[in-house]
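Chemist: Just so you know, the protein sequences line up as chains A and B, in that order. FYI, the working numbering numbers position 482 of the first sequence as 571, with every residue one higher than the one before it. FYI, the working numbering numbers position 356 of the second sequence as 445, with every residue one higher than the one before it.
In short, the hints are calculated from the structure, not lab data. You can take every hint at face value.
Pairs count within a copy or across copies, as identical chains cannot be separated in the list.
In silico SDA-like pairs for lysine to any residue, Cα to Cα no more than 20 angstroms straight-line:
hint, residue 1, residue 2
1, K111, N305
2, K96, L144
3, K182, H222
4, K111, W324
There are 2 protein chains.
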Amino acid sequence: MLELKVKFIDIDPNYPLVILNKEDMADIAANTTDRVEVTYGNKSKIVVVDSTEKLVKKGYIGLNRKAMKYGITSGTKVFIDPAETPESVEYIKKKLKGIELSRKECNTIIDDINANKLSDIELGAFVSAIYVHDYTPKELVAITERMVSTGIQFKWKNNTVVADKHCIGGVPGNRTTPIVIAIAATCGITIPKTSSRAITSPAGTADTLEVFCNVNLTMKQIEKIVEKTGACFAWGGSVDLAPSDDKIIKAEYPLSLDPEGQLIASVLAKKKAIGSNAVVIDIPYGFESKVDSLENAEKLAGKFKMVGKKLDMNVDCAITHGNQPIGNGIGPVLECIDIIEVLNGRGPDDLREKCLELAGILLRLVGKGDIKTAENILDSKKALKKFNDIIVMQGGKKDIDLYKLLGKYKKTIFAKSNGKVTKIFNKQITRIARIAGAPKDKGAGIYLYTKLDTNIKKGDRLFDIYAETEFKLKHALYLLKAKNPVLIEAKKGILVEEI
Amino acid sequence: MLELKVKFIDIDPNYPLVILNKEDMADIAANTTDRVEVTYGNKSKIVVVDSTEKLVKKGYIGLNRKAMKYGITSGTKVFIDPAETPESVEYIKKKLKGIELSRKECNTIIDDINANKLSDIELGAFVSAIYVHDYTPKELVAITERMVSTGIQFKWKNNTVVADKHCIGGVPGNRTTPIVIAIAATCGITIPKTSSRAITSPAGTADTLEVFCNVNLTMKQIEKIVEKTGACFAWGGSVDLAPSDDKIIKAEYPLSLDPEGQLIASVLAKKKAIGSNAVVIDIPYGFESKVDSLENAEKLAGKFKMVGKKLDMNVDCAITHGNQPIGNGIGPVLECIDIIEVLNGRGPDDLREKCLELAGILLRLVGKGDIKTAENILDSKKALKKFNDIIVMQGGKKDIDLYKLLGKYKKTIFAKSNGKVTKIFNKQITRIARIAGAPKDKGAGIYLYTKLDTNIKKGDRLFDIYAETEFKLKHALYLLKAKNPVLIEAKKGILVEEI
Chain A
90 MLELKVKFID
100 IDPNYPLVIL
110 NKEDMADIAA
120 NTTDRVEVTY
130 GNKSKIVVVD
140 STEKLVKKGY
150 IGLNRKAMKY
160 GITSGTKVFI
170 DPAETPESVE
180 YIKKKLKGIE
190 LSRKECNTII
200 DDINANKLSD
210 IELGAFVSAI
220 YVHDYTPKEL
230 VAITERMVST
240 GIQFKWKNNT
250 VVADKHCIGG
260 VPGNRTTPIV
270 IAIAATCGIT
280 IPKTSSRAIT
290 SPAGTADTLE
300 VFCNVNLTMK
310 QIEKIVEKTG
320 ACFAWGGSVD
330 LAPSDDKIIK
340 AEYPLSLDPE
350 GQLIASVLAK
360 KKAIGSNAVV
370 IDIPYGFESK
380 VDSLENAEKL
390 AGKFKMVGKK
400 LDMNVDCAIT
410 HGNQPIGNGI
420 GPVLECIDII
430 EVLNGRGPDD
440 LREKCLELAG
450 ILLRLVGKGD
460 IKTAENILDS
470 KKALKKFNDI
480 IVMQGGKKDI
490 DLYKLLGKYK
500 KTIFAKSNGK
510 VTKIFNKQIT
520 RIARIAGAPK
530 DKGAGIYLYT
540 KLDTNIKKGD
550 RLFDIYAETE
560 FKLKHALYLL
570 KAKNPVLIEA
580 KKGILVEEI
Chain B
90 MLELKVKFID
100 IDPNYPLVIL
110 NKEDMADIAA
120 NTTDRVEVTY
130 GNKSKIVVVD
140 STEKLVKKGY
150 IGLNRKAMKY
160 GITSGTKVFI
170 DPAETPESVE
180 YIKKKLKGIE
190 LSRKECNTII
200 DDINANKLSD
210 IELGAFVSAI
220 YVHDYTPKEL
230 VAITERMVST
240 GIQFKWKNNT
250 VVADKHCIGG
260 VPGNRTTPIV
270 IAIAATCGIT
280 IPKTSSRAIT
290 SPAGTADTLE
300 VFCNVNLTMK
310 QIEKIVEKTG
320 ACFAWGGSVD
330 LAPSDDKIIK
340 AEYPLSLDPE
350 GQLIASVLAK
360 KKAIGSNAVV
370 IDIPYGFESK
380 VDSLENAEKL
390 AGKFKMVGKK
400 LDMNVDCAIT
410 HGNQPIGNGI
420 GPVLECIDII
430 EVLNGRGPDD
440 LREKCLELAG
450 ILLRLVGKGD
460 IKTAENILDS
470 KKALKKFNDI
480 IVMQGGKKDI
490 DLYKLLGKYK
500 KTIFAKSNGK
510 VTKIFNKQIT
520 RIARIAGAPK
530 DKGAGIYLYT
540 KLDTNIKKGD
550 RLFDIYAETE
560 FKLKHALYLL
570 KAKNPVLIEA
580 KKGILVEEI
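Could you build the full structure based on these sequences and the hints that come with them?
Modeler: Structure, rendered in structure tokens:
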């Protein structure tokens with residue numbers, strides 16, 4: 090045991106961390122990333138320890154200012170003891186060995202992640218273990234259930250059909266959610282939708298809908314809005330659904346690991362926590378999307394349905410084409426333009442078709458109609474009215490002039506040769522839109538004028554790039570030089586062109 | 090690109106890190122653990138970025154004070170651009186998938202680790218990948234060679250036989266190195282020995298020899314001492330041999346991952362870097378040692394020899410019993426007592442026997458004799474003289490009174506029943522010795538009076554615990570209550586005792 094004086098230092102770590110001088114570390118035979126128990130009065134807490142040679146002198150302990158809430162001030166004396174590593178570290182190692190974890194072990198891992206007990210190296214090993222061995226079906230159910238039960242859970246009136254839809258992502262512009270939700274809510278389905286913000290994409294649903302209205306809703310606001318309109322558009326981060334999810338995503342991010350089991354657990358845990366009992370999952374597959382083949386998309390769908398069943402949720406999956414963007418707009422405001430077009434019965438054909446297909450599946454799943462019903466609702470502009478009702482309830486205005494919100498700096502890219510569009514690179518589209526400023530700059534992004542298999546003549550408009558600053562537009566154009574996201578190849582056969 | 094003002098903050102991370110406000114992060118579409126390029130004047134550096142809501146305000150960048158060496162002061166303006174993740178992150182992911190890495194990819198990983206380019210999550214994934222898939226023979230050779238070439242390499246006169254010995258660890262008290270080195274140097278073998286400090290054991294060879302003399306030697310000091318005496322006892326950390334090794338060990342530590350391939354690479358890279366061409370590896374196996382079975386010990390020996398051959402080193406392995414401590418003393422001073430006893434021709438029998446076996450193998454390997462030669466040298470006290478010569482050259486004194494250096498607080502543990510010693514728990518011995526203060530408190534540790542298969546009567550002395558403070562002794566005794574490291578079981582048969 091050591092008695093040390095508190096020194097506040099400016100650290101803001103992801104997990105509770107204290108910093109000791111190397112000599113004090115040696116004195117309690119502790120190494121960096123070991124745990125120590127810090128005792129102050131009758132309170133104690135187990136934290137990760139890091140060492141320093143200079144930042145904290147011998148006899149002192151470096152704490153974050155958050156410790157002030159326990160009444161600790163600069164110079165306060167606290168006691169330090171070596172402590173055990175959390176049990177979950179042993180289970181992560183077990184999983185690395187490929188051994189199936191028990192329900193209790195799965196629970197402990199989720200609990201320790203929730204309590205920020207794991208260091209970054211340990212979290213890196215956890216996501217690696219799941220990536221290499223993936224969850225077994227039993228583990229998958231256990232992990233998902235624990236993710237649900239460790240966060241907030243919404244309760245709706247008995248026998249309410251609560252529906253949801255979700256896309257596993259990877260396809261730029263694919264903004265079906267607002268339209269599908271508006272159609273479903275028009276049919277009297279309860280659909281409290283929470284969505285994410287972009288991590289690596291040009292916009293998340295929450296980023297896009299924020300153009301229209303406030304999406305940072307409290308639990309109470311969600312309940313009130315859903316009671317009035319049947320639906321809402323909330324940012325998932327503003328409510329505490331399956332809180333371990335964000336922490337796991339953060340650890341997956343640096344290596345862009347996205348193990349299938351964790352994807353399923355993350356999605357279904359949030360759906361279960363919001364109280365859904367009927368869920369449609371959109372699984373796009375193809376070139377440069379998350380799932381590479383129809384076969385793998387079908388396997389993934391099977392797992393979603395299996396876990397859904399175990400959690401008493403009726404899950405249906407729509408396997409869709411993901412080899413090019415959906416709609417024309419990519420980036421928040423540009424996507425809003427597409428949404429309003431479709432809600433007015435016009436709009437990019439592919440976005441309209443996809444929304445109707447998904448809404449049709451959802452309506453069938455809850456016995457409230459089919460794709461025909463969805464089409465009638467959309468074309469009668471009832472869905473537009475419902476959409477406007479929701480955004481007004483969320484503090485937004487209807488009929489805003491979206492074009493005024495577009496980035497002032499614009500560059501149109503034209504075709505340099507005749508041919509056919511044979512590839513659209515989703516990842517390059519994403520990169521350019523993000524460098525142009527999306528999603529932070531709402532008016533930034535790409536507006537596409539073409540799709541796969543279109544015949545193109547030299548000089549045809551391919552796409553516009555929008556940015557809110559000249560610098561970002563230049564940066565995006567610089568990126569464009571490395572690779573044009575729209576690939577035009579000459580028609581097959583020997584003769585390319587006769588001049 | 091963002092222009093930000095510098096604010097110095099008290100962080101001391103393991104890799105170059107800057108801290109930005111969340112809003113500025115969003116402005117360049119960066120997430121936590123992404124890389125950014127910081128430009129100041131005509132200098133720029135790629136660093137990991139972390140986000141904060143409060144610690145650093147919008148418009149500022151939080152830097153460690155080390156940035157002062159570039160002429161940066163508080164308020165200096167620097168430019169920030171998004172930057173690519175290091176290539177090695179892609180290769181780590183490839184290895185997680187089980188795909189063999191090319192030599193170039195192995196090189197990049199070691200280079201990026203050396204340059205501190207990887208974040209903790211990425212390092213956690215790296216050690217996990219090696220743990221799950223281990224290095225292929227090709228990777229193992231490539232990694233080892235790169236570990237060598239990225240650090241300091243000693244050059245000795247042409248045709249000098251440079252020998253070394255190494256134990257893979259896991260057995261408390263196993264302090265053969267000083268004795269084997271003294272015997273070998275007496276035979277005229279050049280043996281510039283570098284050793285480690287303890288990470289999880291009660292003492293590393295460097296911790297123990299530090300009781301006699303200074304072990305923090307520079308490259309020049311090592312050369313001078315070896316020229317005069319033929320050998321030295323240096324702490325490996327004081328010279329820059331295979332510098333990536335320490336960084337990898339640090340990442341393996343939290344999960345106590347010790348993948349076989351990395352173990353081999355780490356050991357042989359250091360031997361190659363010091364210029365060895367003949368190496369004896371001690372591989373203890375058995376209950377609670379690193380290797381569990383003879384079969385696995387033989388496999389490991391085969392790999393050591395294979396990599397050794399590729400690196401032009403003559404490697405021989407001694408597979409030894411590791412199911413109990415070697416010698417009686419565990420902890421720096423207590424081990425020194427054993428060493429001096431053995432060098433005087435007495436000493437714990439098992440330590441003496443093991444040293445002679447290892448020295449015999451080493452002498453045979455370089456054609457300078459065998460176990461008989463070693464025994465003659467030891468019993469003639471020539472090895473003791475050589476040992477004293479070395480420690481005096483390293484600033485130590487011979488014939489110091491080791492008993493005076495023992496911890497003042499001592500407790501003897503007696504047998505509570507008759508029987509036979511059927512197990513000695515290496516891990517519990519280690520835990521108790523460390524809690525008692527070893528290796529920081531040189532006089533702390535355990536002195537064992539018994540070994541496996543010894544017949545014990547109730548009241549027999551089993552071991553002493555030494556500590557330098559009363560509190561640490563109490564703490565060790567508390568740990569002892571949970572499990573006595575010496576297991577005594579009644580003799581087999583129905584009758585246990587007749588009273």
